[in-house]
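Trainee: Here are the chains, one letter per residue:
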Amino acid sequence: MLTKRIIACLDVHAGRVVKGVQFVDLVDAGDPAALAARHAREGADEIVLLDITATHEGRRTLLDTVRRTAQELFVPFTVGGGIRSADEAAQVFEAGADKISVNSAALADPELITAIGSSFGAQAVVLAIDARRDPNATDPVRDAQVFVQGGRKCTGRRAVEWAREAEDRGAGEILLTSMDSDGTRAGFDCELTAAVSEAVNIPVIASGGAGTVAHFAEVFSRGKADAALAASIFHFGVSSARSLKQELQAAGVPVRLPC
Amino acid sequence: MQVTVIDYKAGNLTSVLKSLRHLGAEPVVTDSDVGAITRAARIVLPGVGHFAATRRLDETGMTTAIREAIAGGVPFLGICVGMQWLYAGSSEASDTPGLGRFPESCCRFSEGSQKIPHVGWNSLEVNGSSRLLAGVRGGEYVYFTHSYKAPVTDDTCAKTHYIEPFAAAVERGNVMGVQFHPEKSGETGLKILRNFLEWTC
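Here the protein sequences line up with chains A and B, keeping their order. Taking the working numbering, the leading residue of the first sequence gets 1, the next gets one more, and so forth. Taking the working numbering, the leading residue of the second sequence gets 1, the next gets one more, and so forth.
There may be inaccurate statements among the hints.
With a straight-line cut-off of 27 Å between C-alpha atoms, the simulated DSS-like cross-links for lysine-lysine are [said to hold, decoys possible]:
id	chain 1	residue 1	chain 2	residue 2
1	B	115	A	224
2	B	18	B	191
3	B	159	B	115
4	A	153	A	19
5	A	224	B	18
6	B	159	B	191
If you're looking for bench data, these hints aren't it; they were derived computationally from the structure.
Modelling step: build the complete structure from the supplied sequences, incorporating the hints.
Mentor: Encoded structure:
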């Protein structure tokens, strides 16, 4: 049976994993390679590394970090953050990423999705969408808006339509972050996740708001998510992928338990 | 241990090469050198992307060289599209023939309530006599990402269920294929790659 994926997300700044509430008060949470290996060993189905540096100097550090992290990692490995061209993507693939996540660069130039997909396959392109419900719309969920710059700038695009367009252009997966839920630990936005998941035929990874095991179970059932991302709850040993999965299995969610 | 990895320009080989090196093998990559196939001790044909990309194997003469190597007993492993290429063809590119080592054809998953592609970790139902899957217990999970699949036949050494049962792994003599990505399937995947690297006549 196809299992629901639990994906560990590492936010990386200048070669170190950091953790903060909405990118403020960054706390050093360790070495990316060591943390990725630990999450994989404890049963994370996949590792996502998001570079939050996005400076020129930081790009070189990132390639080195990707190379070191990929070296002994034998589960799917996605890298995102500031990738603006197919050439930059090629460098990150060469360094060992299996998938690339694109966000604002794809909004600025949707052709980027097609360009990366045609060279590396659709399975290698993850479109990241940061969305927020639109309280002024008739249907705040279906009309949820796409934001960039950490949720500060509205793009005028609707999340559901953008996800559909990305699929048509050759994206292999959607990583959907709810800006309303992000950092709250109050649960994923299940309605928003379901709206996007039902609109596309490719997998949707839910992100933003994970706080308890029940939140994950909910986003898989009610939210129709194919996978869920968890960042901060895995750091500092708050919860491990193993314990999360054991509890999910007990709750009837199909998951892959580590050996 | 030398292993020839064939590059037909359909995606990224980094992960496959990394996992082979991790297991102590010395991969040699070729995208056209027929000699590297003729001399190969073992051959891996990875693959992501579109079945039509395998046309390059015919255009470069690599198909003929692979056919001869297989006839000479060289262990061969096709991964994902590389496995599908071992069949007569695929409805993904009906004008592109496969190797035809297995007479059936690959086709797309049936449309219905479930998403296509099939992406993620799914379990294996293993046929006990497989050498490629030696030591892999039924129910172990591996990572898939594909929209087309091979049918379950007598050559199937593991099947997986998504929408319908399909061949997760195929094996006949020295010719083996896996629909999943062993290089991305944790310890289970490494065990399968190790079995392939240790395969002898």
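Trainee: All hints are to be evaluated individually against the structure, with a verdict given for each.
Mentor: Okay, the hints, checked on the actual structure:
1. 115(B) with 224(A): holds, 11 Å
2. 18(B) with 191(B): holds, 15 Å
3. 159(B) with 115(B): holds, 19 Å
4. 153(A) with 19(A): This hinted pair holds, its Cα atoms lying about 22 Å apart.
5. 224(A) with 18(B): violated, 34 Å
6. 159(B) with 191(B): holds, 17 Å
In summary, the structure is inconsistent with hint 5 from the numbered list given earlier, while agreeing with all the others.
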